[in-house]
Amino acid sequence: MKKVSVVLMVMFLLASALVACASPEADSVLDKIQEAGTVVVGTSADYPPYEYVDESGNFAGFDIELMTEIAKRMDVELEWTDMPFDSLIAAVQEDKIDMSISCFNYSEERDEKVDFSDAYYTSEDAFLVAEDFAGTITNAEDVANFKIGVQSGTVQDEWVTTELIDAGLMEEANLSRYERVDQAAMDLQAGRIEVIVADSVPAQALMGQFGGFKIVFEDMLYTGPINIVLPEGDSELQERVNSIIAELQSEGFIDDLAVKYFSD
Amino acid sequence: MDIIRFIQYIASGTAYTLGVTFVALPSGLILGLILAIIYVYGGKIAARILSVYSTVMRGIPPIVLLFILYFIMSGTINLSPFWAGSISLGVISSAYQMEIIRGAILSVSGGQMIAALAIGMSRLQAIRYIVLPQTLRLAIPPWSNEAAIVIKDSSLVYALGVPEILRRAQLISASTQQPFLAYTTAALIYFGLVLFTNTLLRRLENRLRIPANP
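Those protein sequence lines, which keep their order, are chains A and B.
Quick note: the first sequence uses our numbering, first residue 1, plus one each step.
Quick note: the second sequence uses our numbering, first residue 1, plus one each step.
Bound conformation, chain B alone (with noise of 0.2 Å):
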């Protein structure tokens, strides 16, 4: 096989690794945001609860995860590998998003609350336009740290049958016997998306950033 054709038929794996990325890095963001504002604000027991989500959910290896999810999710409704793999990594990921964000959030002083009460928001608004934006803000450099991560995790899913990047590399060099080469393929394409996300998301971090807050 020549060295084209065997590059290109690993890199035809990226589509698989962004799609789940773009499903499971989003979806636990969304969890992950809603979960960490509960955990700060939602009184003992519902942090109590979380804190076992968190625990467990970060306790326990991915890909063992992925597999529980996966069947779990496979009893009750029918979904496609690709979704199956890409909604659980979003589940892992969420657990690992709420504590950045929740981090975040005790990042930014009480003091801010207390005030925002005291000039008659309620507690809602406090949080949707006084600590959220700084939140957010604040979040972005543990957070591309996060999104680096799943990007390498969504390799995972290959054990559920999706053909991934990894998994073509490991199907070529069991066909060609040139695991350097694949391996190093695979490794180089990985490389590259994580440094593309990290310098996109390093620029964002500037853009947005408050000026009087270095």
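This is chain A alone, in the form it adopts within the complex (with noise of 0.2 Å):
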């Protein structure tokens, strides 16, 4: 008797949870935000100048301020969640956030699981070493000679991980992967890796900060455009963000954020 009810509330709670798992998301997001006014924006804030915190403590930087204005466009609140870069997917997924902002770029793995808006900025990659490094890198794929580090979960770490180690150009070993780039960093200052492959601006913004530190090959690897994360197939909140993406371009505010906050 005990064995059966037993069975019968597991049976019960399965049922349950899969039921919630099945019932479909009818309504927009952009309705939801709406409705509330408010819109509910995830963010990694250590990738400076894109999202860092300011000397008050405050979120500042160019995806923070652009987002400002594209939610005060839409005519809501903004409310900022910070979170580690690799839980914001997930958490656009799992409805936790509206959408993220975190200086994403494309990628078709990712476009699997959520949607993106047109792209806001293009940037490049780069190649940053300390300023007596002696090696040559003529083709990007020459990095795969040295110890290199990424921020884990960027499409930097994907072009790495799928062009040189699974091309077998180099050795899993000889890759490190950081939670934050300014870790990356450190451990490029201390000898323990010899080439950061990031995005050019953080790159630059690293440089700046720490010192001693060069660039010594800039290109379009894998990133180029970066875009806002939407959660997939809302196409109704994927077409407000992009005009109003539009619109700021047409008006010339993004530019002047990029050379606000880029141009040092």
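Don't take each hint at face value.
A few chain B residues that face chain A, going by a derived Cβ cut-off under 7 Å, partial list only [said to hold, decoys possible]:
| hint | residue |
| --- | --- |
| 1 | Tyr9 |
| 2 | Pro141 |
| 3 | Asn145 |
| 4 | Ala159 |
| 5 | Gly161 |
| 6 | Pro163 |
| 7 | Ile172 |
| 8 | Gln177 |
| 9 | Leu181 |
Derived by calculation from the structure, the hints in this document are not laboratory data.
Yeah, the Cβ is synthetic: ideal placement off N, Cα and C, and Gly gets one too.
With the hints as a guide, dock the two chains, each given alone in a separate frame, to form the complex.
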């Protein structure tokens, strides 16, 4: 008798979990945002100058200011949620946040799980090395001969993994993946790695912050355009965000921001 | 950024750390206490199920369990990262607290239960008035260990986006390039919290000690 009731209870729990998973998301997130009057946006505020914590402890940066303007034009309040970069996509998928802006590049792998807005900015990749670096890098693939550091979960990580390691050009042991890019910079300073592969804008910021670094190679490897990450299959929200991005681009707002944050 | 602001920024995460701990620790205690009683007095089947529960919960790293519980929960009920993280930590802690309390129950000699039943108490009364008062006292020293662990594990909720001490230290170390200062500040705050909690529990233990039972 006891056994039967336990089995029944487990079945009931499983069934209710399945029902909860299967129920379709009928409403657009856009409706939800407008109803609540607040858009909840996720970011990983450890990637200056795109997103970081400023002197008074507030979020600041290119992405932060851009999103603030987008929220203003959507006529809703903006609520930030900070989380580690590798948690962001999952959080959008699970509806924990409405969207995420955190210097996201488009990749097919990510596109299977979430949607992307139109690109709001185009960036390049850079190889950052110590000033006394003696090696030569003429083609991007030459970097395979050195010890590399990347931020885990970034497209640079994906590029090194697929184009260099999976292609048999380098050993996985020579790649260090860091949770944050400044940890990689510290290891570069300490000589534990030889090259950081990162987006060129944060790479330049690291050069300024740490000193003693130089960029030896700059090109569009994998990266290129950066986009806002949106929930999968929500075309209403996507159209709204895209139209605001187009507006901001034609008004020169985004170019002004780029000058403000990237030109030093 | 001047140093006072720097430290203030990290220290303002203490509210979240304490909040998470104050949800996780008591919810783990209540759940752990109930489960421990069921484990010891609930018969063979219950004991077997609970031993699986405890093995699984204690055999998986807390951060992995945290993600699993968080995403299971977010599929059914919509909780903020704070509540989801705190409850998940409470569930994880319940397995440890169950074992602590079970050990304490078993250290109360079985003859006391038989004696209580012999003078006409029901089983529940015996548990309530004879076993538990001794058990909870005995459980304080190992439990203070668990309290320290939960305070420190509360830093894991940063992965879900709760801006507690560790996450703030990370953010500020990324923007100011002063990792040593940032993490030392975080370490001192955690140390202070654990020291304070353990001192408090030591006092409680002394105050509640049964005189004849040193």
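Here is how each hint holds up against the structure:
1. Tyr9: Holds, because the Cβ-Cβ distance from Tyr9 (chain B) to chain A comes to roughly 4 Å (cut-off 7 Å).
2. Pro141: Result: violated, 35 Å to nearest chain A Cβ.
3. Asn145: violated (29 Å)
4. Ala159: Interface hint status for Ala159 (chain B): holds (6 Å vs cutoff 7 Å).
5. Gly161: holds (3 Å)
6. Pro163: Holds: closest Cβ of chain A sits about 6 Å from Pro163 (chain B), inside 7 Å.
7. Ile172: holds (6 Å)
8. Gln177: holds (5 Å)
9. Leu181: violated (14 Å)
Hints 2, 3 and 9 from the list above are not met by this structure, while the remaining hints are.
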